[in-house]
Amino acid sequence: MGVSTFQGGVHPYDGKELAMNQPIVEIKPQGLMVYPLSQHIGAPAKPVVSKGDRVLVGQKLAEAGGFVSAPIICSVSGTVKGIEKRMTAGGSIMDSIIVENDQQYEAIPGFGTKRDFKKLSREEIVNIVKEAGIVGLGGAGFPTSVKLAPKDIGRIDYFLVNAAECEPYLTSDYRDMMEMPEKIIGGLKVVLSIFPNAVGKICIEDNKPEAISKLTGMVEKEEKIEVLSLKTKYPQGGERQLIYAVTGRKINSSMLPADAGVIVDNADTMVAIYEAVCETKPLVRKILTVTGDAVAKPGNFRVPLGTNYQEIVDAAGGFKQPPEKIISGGPMMGIPMFRLDVPLAKNSSSILAFLKDPVSAQPATACINCGRCVSACPEKLLPTMLMKAAMKKDMAAYEALYGMECIECGCCAYVCPAKRPLTQAFKEMKRRISAARRASQAAAKKNQEKKDEGKAKEVKKS
Amino acid sequence: MNQLLHLSANPHVRDNITTSEIMRDVMIAMIPTAVYGVMQWGANAAFVILFTTIAAVLAEFIYQRCMKLPITITDWSAAVTGMILALNCPPDIPIWIPVLGAFFAIIVIKQLYGGLGHNWMNPALGARCFLLISFAGKMTSFTNVGADGVSGATPLALLKADPAATADLSALFLGRVPGTIGEVSKLCLLFGALYLIARKVISPKIPCIYIATVAVFTLLFGGRGFDLYYVACELCAGGLIFGAFFMATDYVTSPITPNGQIVFAVILGLLTGLFRLFGGSAEGVSYAIILSNILVPMINRMTIPKAFGREGEKK
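Protein chains in written order, with the working numbering: chain H, 1 to 462; chain R, 1001 to 1315.
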């Protein structure tokens, strides 16, 4: 059994009071809608509309480009203006479908029809989730339909709803729990119907007692669903930490949760599954928090996918004063943004704006070997020694110190009294090693092909 | 939005703790024992503390200025080194000796190896050992409490010289014994240690294992049978408490791995016991710590923990 927490971790200022009591407000975007073709992990989607087409809410704009991929669904009604290269929140340039919003929000036939999931087969449910374009809404964007179809369905004995929301400042999952708990539980019931041996656990950090008591009351009569209160500590919502806290099982970088008999999905993903399966509403929106000390009216918003970030910020009253830093996501793992003229995608996260950037205010000094990073690391790594390997770009030493197990949670850099950019160095090093591995694999493949060719020729000669 | 936004990798928030705060806490923790030393031995002790600390900071400033390095004296680390060295000197020592030691500690042991975080030996203890070898007489002439200018043997030396001798434990604990300026008052030292533990600057792990190892070693090889009073006197005598809490816990020169810290503390205890009971001098803490410092890189390498989820794997 689990221990409701994990080793290591940190307790940053949580800043949730800024937005946690603000009900979710619906945003109706005015500007152009932009749908990048890659809003998920896996192959980019392939467009199925062309310039000039009239499209409706719920209509498929692009289909999945492979098994690990997800279709893209239109969130407004209007006209396709073209497929152009646009910048995403992460800063990359990507082919995107541009739709001019006619403000009618006319939906495709059947959109919003109630359905009873108990009458659907397992394959039908997985297919609905796939066609609805649902991906993990916690930020990684892994296609949910793939998660719902592991090799051995019977081996899955835990389905965890990740509602820890351990990132400071973010409150969108909390609002989901307060405003639509029945959808989270409904979504969980849907997925539990796929896994005959699994029990459902809704995992919430104990700094959200109202959400815990609300959901606990609602699942009292459910045999296979339980609400778990976890110790408040970052990164409690990290996949490996959550699995360990609940089940006591440990997974590493070369395993999937399913290898340990566990599937983890975010709370908002549960809502999306419920809406897709029981209400015939594919994934066209995201719940996100706009917060931080630079935001005039911090709050939580239901935003159609494709909406421009500037419009979302405007809905929160704009900035009090120009911020020094804008982050897409939480303060521990979010990505800094250099412009707001980017579209909201499935895998983007909340918007956080700080008046002052605490990172650039504190230059890095020498490591004093204090070991705070070692105690904080939830993966039991030695960040100070990894940093030495990273600075020398010594890949062998970095791997020998288990550097590839780093989950980039940011705890080491957070606690460092010398303000060293540890997490940054590890992210770079991991990508460097992954690239080297890919290159050597490609080279090996080429060599093998050459050999095979040579053999084939020899056979011909003889 | 016309101004440029800041960009940096995650995390975007940082804990408030800084290196200089940690070092300042170590200074604060040494104040009780320093004040006790000055009250007991008078003006010369105060001058030793003052000038050695200033000399250490000055040495760092001069070196960094000459080598055109960024000046880092505001991080308090040089002051900590100077202070520890001063507290490790006899109260009536001529001031130029610890001042010379401070320059040696900062320039030879710390800066020549790359400055803060790169020295492989505790600078203050390295300098103390340098002074012990260079000025053996002056460094081991301890003043008797209450008798001005009369030097006497430390309780540790008495216990060693005569197997039948006993010491006064309460005097040892309170500090009414000859010794260096900062090592005698165990009460004041433990106050400082508690402050450091409460502020999470140090963990009690290394000091406790170190002291426990010395206790067991003394009990086994002290030659006095099962004499717990004698063991308690040995623990309270000399620089063990000061060394365990303030020098063995030095971040830079102690292991980073959880198991390595245990190994380090046990080695410290064994060496201290060995030097004290079987060595030429009565005291062994300083040499035990600097010798163990040299082993730290090897201890680290041999005790790398397995990552989360990789515990069952073979290396």
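Treat the hints as calculated values from the structure; they're not laboratory data.
The reader is advised that the hints may include incorrect statements.
To be verified - Covered by chain R, per the in silico footprint, the following chain H stretches (three or more residues, Cβ under 8 Å):
#1 121-132
#2 267-277
#3 349-363
#4 372-386
#5 402-409
To be verified - So the derived label-pair ranges between C-beta atoms look like this:
#6 R:Ile1262 to H:Met391: 25 to 31 Å
#7 H:Glu453 to R:Tyr1113: 54 to 60 Å
#8 R:Glu1021 to H:Thr216: 54 to 60 Å
#9 H:Gly317 to R:Met1298: 56 to 62 Å
#10 H:Ala435 to R:Tyr1113: 43 to 49 Å
#11 H:Lys393 to R:Lys1306: 22 to 28 Å
#12 R:Arg1065 to H:Gln310: 48 to 54 Å
#13 R:Met1298 to H:Lys393: 20 to 26 Å
#14 R:Ile1054 to H:Lys393: 40 to 46 Å
#15 H:Gln448 to R:Met1067: 21 to 27 Å
Just so we're clear, the structure is a prediction, and the values are computed from it rather than from any experiment.
We put the CB at the ideal spot given by N, CA and C, even for glycine.
Hints versus structure:
{"no.": "1", "hint": "121-132", "result": "violated (count 0)"}
{"no.": "2", "hint": "267-277", "result": "violated (count 0)"}
{"no.": "3", "hint": "349-363", "result": "holds (count 7)"}
{"no.": "4", "hint": "372-386", "result": "holds (count 9)"}
{"no.": "5", "hint": "402-409", "result": "holds (count 3)"}
{"no.": "6", "hint": "R:Ile1262 to H:Met391: 25 to 31 Å", "result": "holds (28 Å)"}
{"no.": "7", "hint": "H:Glu453 to R:Tyr1113: 54 to 60 Å", "result": "holds (57 Å)"}
{"no.": "8", "hint": "R:Glu1021 to H:Thr216: 54 to 60 Å", "result": "violated (42 Å)"}
{"no.": "9", "hint": "H:Gly317 to R:Met1298: 56 to 62 Å", "result": "holds (59 Å)"}
{"no.": "10", "hint": "H:Ala435 to R:Tyr1113: 43 to 49 Å", "result": "violated (35 Å)"}
{"no.": "11", "hint": "H:Lys393 to R:Lys1306: 22 to 28 Å", "result": "holds (24 Å)"}
{"no.": "12", "hint": "R:Arg1065 to H:Gln310: 48 to 54 Å", "result": "holds (50 Å)"}
{"no.": "13", "hint": "R:Met1298 to H:Lys393: 20 to 26 Å", "result": "holds (24 Å)"}
{"no.": "14", "hint": "R:Ile1054 to H:Lys393: 40 to 46 Å", "result": "holds (42 Å)"}
{"no.": "15", "hint": "H:Gln448 to R:Met1067: 21 to 27 Å", "result": "violated (55 Å)"}
The earlier numbered hints that this structure contradicts are 1, 2, 8, 10 and 15.
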